[in-house]
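**Q** Okay, here's what each chain looks like letter by letter:
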Amino acid sequence: MLAYLLRRILYAVPILIGVNLLTFTLFFVVNTPDDMARMQLGIKRVTPEAIEKWKQQHGYDKPLLVNSTASGAGKITDTIFWRKSASMFVFDFGYSDDGRSIGHEIVTRMGPSLAIALPTFLIGLIAYVSFALLMTLFRATALDIAGVALCVLLMSVSGLFYIIGGQFVVSKLWHLVPISGYDGGIGSFKFVVLPIAIGVASGIGSSSRWYRTIFLEEIGKDYVRTARAKGLSELRVLFRHVLKNAMIPILTGVVVVIPLLFMGSLLTESFFGIPGLGSYTIDAINAQDFSVVRAMVFLGSALYIAGLILTDISYTMVDPLVRLS
Amino acid sequence: MSFTPVILWSDALVFLLLAVGVAAAWYIRRHEHLLLPWRRVAQSAAAMVSLLVLSLFLLVGLLDTLHYRAALPEKNGGETVYSPEVLSVLDKLVEPLRTHTEKTYSAPLAVTLYAKESLSDAQGNVLRDYPRLRYGGAHLADESQLASDILKRALLGALGGLLAGLLLALGGKRWLAQRRLPLRPLLIATLAIAALAGATAYLAAAYHVLGTDKVGQDVLYLSLKSIRTGLIIGTVTTLVTLPLALLLGIAAGYFRGWVDDAIQYVYTVLSSIPSVLLIAAAVLMMQVTIETHPQWFDTSASRADLRLVFLCLILGMTSWTGLCRLLRGETLKLRELEYIQAAQSFGVSSLRILTRHIVPNVMHIILISLVMDFSALVLAEAVLSYVGVGVDPSMISFGTMINAARLEMGREPMVWWALAAAFGFMLVLVLAANLFADAVRDAFDPRLNRTEVAA
Amino acid sequence: MNRTLSPNFSDETPSHSTRLAKNASLVAGYPLKEEEDLLLSVKGLITQLRNGTRIVDDISFGIRAGETFALLGESGCGKSMTALSLLRLLPDGVVHAGGTAQLNGVELFGLRERGMRDVRGGTAAMIFQEPALSLNPVLTVGQQIAEALALHQNLRGAAARQRCAELLAQVGIPDAARRVTEYPFQFSGGMKQRVMIAMALAGQPKLLIADEPTTALDVTIQAQVLQLLRDTQDATGMSLLLITHDLGVVAEMAHRVGVMYAGQIIEQASRTQLFAKPLHPYTQQLFAALPDAARRNQPLAAIPGSVPPPGSIARGCRFAPRCDKAWELCNEQTPEWTILNDGRGVRCHLYQDRGSRIEDREKTPSPPAPLPQAGEGNSILTPRSLILQVSDLQVHFPIRKGILQRVTGQVKAVNGISLEIPQGRTLALVGESGCGKTTLGKALLQLIPPTAGSVQLAGRELTGLAARELRTRRAAMQMVFQDPYASLNPKMRVAEILEEGMAALNIGSGSATRQTLIDTLLDQVGLARSAKWRYPHEFSGGQRQRIAIARALAVSPQLLICDEPTSALDVSVQAQILNLLRSLQQELNLSYLFITHNLAVVEYIAHEVCVMYLGRIVERGTAEEVLRTPKHPYTQALLSAMPRIDGSARERIKLAGDLPSPANPPPGCHFAPRCAHASARCREAYPEERNVAATHTVRCHHA
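Residue numbers (our numbering), protein chains in the order written: chain A, 1 to 325; chain B, 1 to 455; chain C, 1 to 703.
Heads up, some of the hints might be wrong.
According to the in silico footprint, chain B covers these stretches of chain A (three or more CB under 8 Å from chain B) [unchecked claim]:
| id | segment |
| --- | --- |
| 1 | 10-19 |
| 2 | 30-40 |
| 3 | 88-96 |
| 4 | 114-126 |
| 5 | 260-267 |
| 6 | 297-305 |
Here are the computed lysine to any residue pairs in the SDA-like style, where the Cα-Cα straight-line distance is at most 25 Å [as the list claims (entries may be wrong)]:
| id | chain 1 | residue 1 | chain 2 | residue 2 |
| --- | --- | --- | --- | --- |
| 7 | B | 214 | A | 253 |
| 8 | A | 55 | A | 40 |
| 9 | C | 491 | B | 355 |
| 10 | B | 333 | A | 253 |
| 11 | C | 491 | B | 335 |
| 12 | A | 62 | A | 90 |
| 13 | B | 214 | A | 179 |
In case anyone wonders, no lab produced these hints; they're calculated from the structure. Being a predicted model, the structure only gives us computed values, none of them experimental. Just so it is clear, CB atoms sit at the ideal spot from N, CA and C, and this is done for glycine as well.
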């Protein structure tokens with residue numbers, strides 16, 4: 001089992017290298033630093049001198065891959081690739097266009113993102129599984145059919161409308177919580193409760209329906225018949241036998257996003273003015289701050305890969321076949 | 001000729017898709033076993049009503065895809081000069097909606113603007129009041145007639161629509177009955193849609209049924225134009241996804257070994273980047289390219305259009321991995337089946353095994369995944385446009401509509417109609433697509449349609 | 001009711017003096033005087049689909065305490081549904097629609113769901129066909145047994161753990177106390193079925209329902225599990241409702257038998273009565289369709305067609321379309337359940353005295369014409385040219401382990417096999433699952449590259465050929481696969497399926513020639529020519545297997561490798577396919593490598609036999625030599641484990657344990673750990689091949 005996990009972790013290294021090369025290509029090869037400078041400075045009246053100055057300010061005045069003018073290791077290290085891309089492996093993200101340390105921003109913004117994302121994830125998981133179990137218990141009855149119809153309806157609504165509608169009804173009509181904003185500590189409760197509720201509600205359609213399919217597939221298996229033939233009640237069959245087996249496919253989809261919770265939700269955070277990583281990304285996109293976007297892409301995939309490894313670990317906990325062989 | 005046809009890149013792709021669709025339908029009609037699951041889809045009332053709704057959307061989208069440039073009255077040395085403005089057949093059909101722009105916001109079916117302005121009356125006195133609209137309800141001498149006029153138009157329009165619907169229904173009834181399609185739900189849906197369309201059309205001739213936006217454009221017109229954008233994102237993307245996923249998926253599953261390792265590596269790398277971030281990064285880079293090469297585009301329409309095509313390309317490049325993984329898994333299962341081994345024992349070439357044995361047996365997965373992805377892509381467009389990495393801001397889409405309307409959320413009293421219109425149109429489109437996708441999945445998924453009982 | 005059957009009756013039907021039972025108060029179908037004797041009494045049970053199609057149609061039977069009652073029938077006849085109906089465990093969409101069932105004095109269909117839960121696992125327990133799927137993979141076997149103990153014995157905690165271990169020990173699981181905490185995947189197939197039995201016994205049931213309990217198991221394991229069921233029954237006095245398709249299992253286990261066909265019980269009798277003289281034409285033909293040595297050289301009496309799907313026959317006898325004794329009445333009127341006065345029951349017009357058309361009923365099928373004897377007898381000695389010559393063939397698969405997936409060992413799936421097949425002969429390759437016989441078949445076809453050794457087809461070497469050269473040789477050797485549902489591409493018409501090989505190997509110039517060839521092929525395998533425009537899903541299992549055979553024949557091979565070609569088929573259909581293979585051999589002088597685990601089929605069809613154990617051939621010789629005078633202890637055990645319908649008393653050789661993993665075979669003779677005769681020498685050195693007769697060789701130190 002340990003070898004299995006070690007192998008999975010080693011497997012992550014080439015993937016991260018791939019991601020790094022991809023972002024490097026995307027940001028420095030598709031468009032050269034000159035293009036970026038021209039874009040930032042305005043297309044029309046731009047002089048070669050201004051471009052050079054901009055590149056120098058932002059550290060783009062180096063060759064891409066090999067610096068033939070430098071000596072020794074500098075041939076490799078004194079390049080855009082080494083400075084801007086390879087350095088991300090040690091989580092050195094450099095500076096944003098307005099001159100602030102991206103690494104520092106990430107650390108301070110993780111908290112608010114987590115404050116929204118973690119409760120949304122946990123409450124959501126419990127709510128979706130419960131709803132799906134309910135539909136499974138009453139399968140092929142009017143309750144089940146109505147539940148599925150509701151799910152299809154809910155998943156046909158764009159996530160934007162959950163946020164806009166929620167803000168409108170709860171904050172504007174009822175004045176229950178502030179429309180947006182954030183505060184540290186206990187005071188943040190009134191700010192996070194609505195985003196969390198909306199986050200949970202917007203996922204209920206697709207997730208519950210998906211879990212229901214998993215439960216139904218599981219309930220058709222032979223071991224369920226064995227459990228019933230033992231005289232177990234339907235509830236016990238569902239909770240003790242079906243749920244435990246269904247957790248394996250559910251975990252596959254769920255555990256992988258846990259590290260990504262650090263990234264927060266782009267939409268929720270920007271609508272509710274939460275100073276997390278999601279709104280940071282959106283602001284960077286709108287300001288066309290490529291350094292930040294690049295850092296977030298790398299961070300996102302690093303977290304995703306961490307999620308994959310977590311998934312493997314969680315397998316070993318629920319699936320005895322993986323744990324013991 | 002008073003016009004010259006224009007084929008934008010996205011138009012060409014839509015025509016290509018249409019041709020593929022027609023060819024596929026023709027092929028399926030000639031093969032009984034391929035037709036069989038479609039018959040099951042046709043038995044489902046929900047699916048057929050959804051299909052009716054979807055085909056209406058499709059019709060609007062297609063009309064909006066036939067582009068042209070109208071001839072200008074002045075001639076340049078005997079040569080016709082064409083307007084730089086690219087219009088579509090839809091624009092021509094609903095010309096009043098397009099051209100009747102007001103000054104700024106007005107509520108649905110209103111006769112005045114939404115905000116008070118300083119007006120001077122005949123006597124030259126300045127007073128603050130809601131000014132009358134230029135077009136909305138302009139035929140009314142008195143605002144007090146508004147309610148009765150709306151009612152009258154709605155009823156007459158609905159009646160006209162109903163009549164047309166009835167005629168259509170009587171004509172189609174035999175055709176439907178012959179194919180044992182669910183008759184009653186389809187009839188009811190046809191009549192309801194016809195009545196609604198009739199009432200809307202008659203009202204729209206004199207009012208802004210869904211109000212106007214900040215620059216006075218008719219919201220109904222914007223909604224109709226958004227349909228094409230949504231449909232293109234939902235369908236053209238598959239032109240990229242499908243070949244990539246199919247080719248790489250079955251190659252990885254069938255050949256295994258290093259081919260499999262390489263393909264798996266590529267899709268793991270791609271799928272390990274959160275898709276919004278990858279799309280955002282790619283779109284940002286595309287923007288840089290477009291902005292630094294303004295000389296590539298002759299009209300602003302072609303620029304916005306190319307951006308749409310690139311968006312589809314990027315969405316396709318980032319979303320093929322899921323289908324690819326599914327196809328690889330299925331191919332791994334299929335290649336162990338005995339009919340593949342029988343073919344191998346005849347020395348049948350790998351290419352032939354892939355095309356004759358594997359591809360036909362994974363088609364159901366592809367189809368299910370395509371119809372399921374459609375609605376997700378339509379929804380994604382709105383989100384991406386909101387984030388600022390969607391379609392060109394000058395292009396009318398649900399996303400840009402929402403984005404523009406959202407800024408007015410804080411206004412008192414609230415400007416709600418643009419949001420509501422986008423919400424309503426998207427909900428109907430996505431719901432119909434979801435219901436249809438469900439029916440397709442039920443009919444095609446071999447795991448779901450096991451009705452026979454093993455005894 | 002007191003009627004005598006016509007004196008004209010031939011002796012295939014019951015003797016004319018047999019009188020119908022008088023006692024009309026008897027519940028139809030079982031010869032009991034008092035109903036109190038019955039533990040389970042089922043009357044008029046009807047189970048149907050939601051749309052009204054009856055899967056189980058008006059079934060009545062009873063089981064006495066301590067008795068084994070077997071429900072015998074082919075697939076799709078409704079026997080499993082009968083069992084699930086009794087426990088009210090029907091799948092969604094199937095409903096109980098009539099009839100009663102008294103178990104231990106309790107009316108099952110009158111109970112509330114809560115009461116029913118006490119019955120399930122309490123009074124009546126059930127075990128299923130697929131032990132691998134029937135246990136929950138994420139709970140330990142102890143947890144799963146403890147559930148039943150908590151429910152029905154009110155045992156919890158340490159007492160329950162103690163009892164779990166006892167139960168596992170009782171069903172013959174070694175080291176039970178430790179294995180309580182293991183998960184199902186850590187048990188072999190036979191052991192899983194033992195766990196299932198232990199779980200069923202936890203509630204101390206009065207009735208055990210066993211639904212095809214050994215169908216998924218190998219023959220030596222089947223013998224162990226059947227023995228366990230008998231022993232348990234002796235020890236606890238429980239009754240057994242045994243559901244099976246295997247006449248051999250019935251002969252070994254049952255006290256009384258109900259034969260099911262298309263949702264009905266068509267005959268009911270004690271085992272001795274049934275095996276001495278089956279009454280219903282279906283039962284008779286089922287017996288006649290069984291392959292064995294006595295029927296060598298003659299075609300089997302195959303039942304034409306296949307079991308009709310539920311609800312497809314509304315009027316008349318359901319067997320009439322396939323019955324060789326049917327006359328008009330059979331198609332018009334559904335036969336009544338008739339009880340003869342020796343207590344047996346039968347549902348057939350032959351036994352209802354209608355006094356009409358007796359002469360028609362007498363029409364017996366003409367006995368199958370014996371096949372021309374093509375060089376039978378001492379043919380082994382007459383030299384025939386060899387079509388296939390395999391020497392020292394090895395197929396090894398690497399085992400990868402560790403972080404870097406280094407190769408740490410080899411699974412020797414095929415480990416030094418040599419064999420020859422003469423032109424026009426059948427060599428049977430016998431072995432249990434996992435012994436490497438299918439791998440061998442695929443390696444011969446070069447579908448799996450052999451690791452070492454040589455394969456010569458008609459004198460020409462196949463191994464190491466380049467793909468193009470190999471293709472030219474492929475026509476001479478083809479394969480028929482086990483699963484007729486997986487061996488035909490569902491998306492291709494029959495004509496396309498048959499043409500594929502011809503096109504790949506350039507046989508028949510032009511499509512017109514190929515179409516004529518296809519017509520000829522369909523004639524040869526006994527399918528209508530119109531079949532070629534249809535898709536596989538329109539055919540039954542037997543018909544599909546005919547298509548698969550036709551596909552192989554399309555390229556005129558000289559050798560067919562048949563990998564368990566009949567094991568997925570019902571007995572009556574198996575006979576059709578075996579007949580077809582035989583007559584094709586006579587006609588086309590084909591050679592067969594017949595891979596199977598079914599010794600009865602081997603006895604019937606093979607000229608020579610190889611017995612395979614863990615990648616090696618342990619015994620080979622003519623069919624007569626190997627099957628009549630087996631020398632290897634493994635062959636002897638296999639033969640003794642095979643259930644036989646003659647019920648002849650024979651020495652049972654118990655094999656201990658399971659087939660070891662081929663990844664880690666025991667040192668010395670691989671069979672030594674399970675062998676009763678094994679000595680120290682056996683554990684050290686693998687025995688060399690020794691001749692015990694001119695054509696009979698064996699690898700055993702003691703033979």
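**Q** Next, verify each hint and record whether it holds.
**A** A quick look at each hint next to the structure:
no. : hint            : result
1   : 10-19           : holds (count 4)
2   : 30-40           : holds (count 6)
3   : 88-96           : violated (count 0)
4   : 114-126         : violated (count 0)
5   : 260-267         : holds (count 4)
6   : 297-305         : holds (count 5)
7   : B:214 <-> A:253 : violated (43 Å)
8   : A:55 <-> A:40   : holds (11 Å)
9   : C:491 <-> B:355 : holds (12 Å)
10  : B:333 <-> A:253 : holds (22 Å)
11  : C:491 <-> B:335 : holds (15 Å)
12  : A:62 <-> A:90   : holds (21 Å)
13  : B:214 <-> A:179 : holds (24 Å)
In this structure, the hints that do not hold are numbers 3, 4, 7, in rising order.
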